[in-house]
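*Asks:* Once you've looked at the hints, dock chain R against the given chain X.
There are 2 protein chains.
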Amino acid sequence: MAKFIPLSVPNFEGHEKEYVSDAVVSEWVSTGGSKVGDFEKVFADYVGMPRAVACNSGSSAMHLTALVAGIGRGDEVIVPTLTFIASINPVTRYVGAEPVFIGCDDSLCIDPAAVEAFCRDKCELRPEGLFDKATGAHVKALEVVHVFGNLADMEALMDIAEKYHLIVIEDACEAVGSYFTKGRYAGRMAGTIGDVAGYSFNGNKIITTGAGGMVVSNHPDWAEHAKHLSTQAKSDELQFFHDEVGYNYRLTNLQAALGLAQMETLETFITRKKEFYDRYVQALDGKNGYRILPFKEDVSRSNHWFYSLYLEDDRHKRDEVIGALKEGSIQARPVWALIHEQADYGSCQAYSLEKAQDYRARIVNLPCSTNLTQEDQQRVIDLLLSL
Amino acid sequence: MAKFIPLSVPNFEGHEKEYVSDAVVSEWVSTGGSKVGDFEKVFADYVGMPRAVACNSGSSAMHLTALVAGIGRGDEVIVPTLTFIASINPVTRYVGAEPVFIGCDDSLCIDPAAVEAFCRDKCELRPEGLFDKATGAHVKALEVVHVFGNLADMEALMDIAEKYHLIVIEDACEAVGSYFTKGRYAGRMAGTIGDVAGYSFNGNKIITTGAGGMVVSNHPDWAEHAKHLSTQAKSDELQFFHDEVGYNYRLTNLQAALGLAQMETLETFITRKKEFYDRYVQALDGKNGYRILPFKEDVSRSNHWFYSLYLEDDRHKRDEVIGALKEGSIQARPVWALIHEQADYGSCQAYSLEKAQDYRARIVNLPCSTNLTQEDQQRVIDLLLSL
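Sequence lines, in order, name chains X and R.
Sequential numbering from 1 applies to the first sequence in my numbering.
Sequential numbering from 1 applies to the second sequence in my numbering.
Chain X on its own, in the form it takes in the complex (with noise of 0.2 Å):
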């Protein structure tokens, strides 16, 4: 039987064992010891902000951007449905609002001009924010999700955003890296746009902690707040009083170990990344039915986390490809299902849904890790040129 070619794993080609050794040896591997601020620190300075918080999963530094900006019980977000579910439940259920669903545009990410619709046609604006004409909610906020590591189109968005008073929460989880090179945010990493953003240091992420997650916040005290909320919002740390309800979303330092080695080599994963991508385009792009979706290489430098190959007719079904290249030891799977459709918001608002449908339809998600072998990769196109 072949090897096995998976779809995204963890990558230690650097200091990961000698860190991780040295904080067990320490026996500094808990929640105190020096490494969770110093990642913080190497962080914060590569996505150039002043101070980021670190906590011990993606879904948990999504919690805590709703938490700050004061997301609420009977709140409105407006979302994509087209993204991983932990992206959406953090920021609604987890804090008591209601999603509102929004459709996709050919970046993957949410639509501007679908927001701008449901702002325009559905809500009122009032002096004290957007209210939605048929529930009566305030609208608060607009999370904004960077698809696969390609940049959403933030101008369009943050202009919609300022216009109906929206919060925007980016979900940079998987743009780790990614940043515009063009334009009005030029220079500005994803998550350091709007107003709070959280990233994933997840298994499958382009960098890991193995699990593991991180805030910014261009309010300091917004920040600040993340910070207290993710330590048991402890107010006196002896005498163990709390002014608030808080959570243990504290990340260790043994994962801060691991971080700070992965972040010495994430320039180089992104290289690579490209490097995989290129040779995907270039092996399968316009051939045999297949298209390779495009990241906004004209206004930014995109981390190409994960590769999309897009099935543009019935030539091939996406179940089969997916299954096709298990049946070779190739590790694929589908966009996710729309969100809109899962768990309890089936009777939510969603709009302008026929791209998201259709990229769900006919999306595979190829191996991207960053230790993938040319030959390894070459075995994923042979086998997809062969369907």
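No lab work stands behind these hints, which were simulated from the structure alone.
Among the hints, a few may not be true.
[Unchecked claim] Some chain R residues near chain X, calculated using beta-carbon distances under 7 Å:
no., residue
1, K17
2, V24
3, S26
4, G210
5, E244
6, W336
7, S352
8, K355
9, Q357
[Unchecked claim] Derived lysine-lysine pairs resembling DSS-like cross-links, with alpha carbons at most 30 Å apart:
no., chain 1, residue 1, chain 2, residue 2
10, X, K3, R, K234
11, R, K287, X, K234
12, R, K234, X, K326
13, X, K234, R, K234
Beta carbons: idealized from backbone N, C-alpha and C, even for Gly.
*Replies:* Same frame as chain X, but now just chain R:
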């Protein structure tokens, strides 16, 4: 300056470095990998349950207990006020429920007589459950915390729960390894007596995974539900279907590696904790206005996790003792500030608080790490006797 003696820190004298390095070298550090399942199995066997569900913190474990118990918005939960706030937030505020706070008996655990008085005097038992006469709310559960590893009076509490139709949630976060040796529950470990329980492997606990927790339940479907909720409630792995709002509460393989090593030394740690405890009793109990609070050694084998120096008269004031120890480079702490006075709990019902208030005012927790040396412990004792 004298060597610093911490309160309670991890001790990695076993295979920790080896197992963790294995995980890093194999690049299985995230939520995949075999060590999580192995750790769950070893832990389940240890506590004598068919299934244990690993998660990323004690707080997550407690949140899962409340979710699988079906506690939700508007329900009331009877909880102790003398505990860490992470006992309370997850089973009340995280799920939208309201706490009713009860004081402790001389075990520091929730006072059965006061629990019964609340159920009898303030509530009405109807066929559909217990209802709070003042608020009209359904009093759905009783949370029992085994404080500092000392077992609560489970016989009395289980009788009350049966009589008043209460679900029993055990917070066994501090009591890994404590079990009854006599009575109705002889041979039963902390956490295996009520309906559902959580454990913690935080850095200050008797064993640690850096951060981590575990859930067990006497209802096999509740345990499976906890696993499902902890893994984003994914009902189809490939297709990304989610049948309810889930969480990313998974433990990582890296943390499980630590846990497996720690489980190998747990019984050694417990033996040592008892020796240190006996030495504190021998040296301090009944001397200089000091008592060392007992564990229930007549009916249980306690893990002796945390030692409580009790200041029995006005010769010593708690914060002065802590300050004097700090001057001597020795870390100590008071017991927690009572939770009915923390966060937004100030307006909640709270009963029979006298003992909890007294213990809060008079307890100093002394260094108890399993790598405490005899020489260091003698320094703690000598300093205390010199005050």
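*Asks:* Please write out, lowest number first, the hints stated earlier that are contradicted by the structure.
*Replies:* 3, 7, 8, 9, 11, 13
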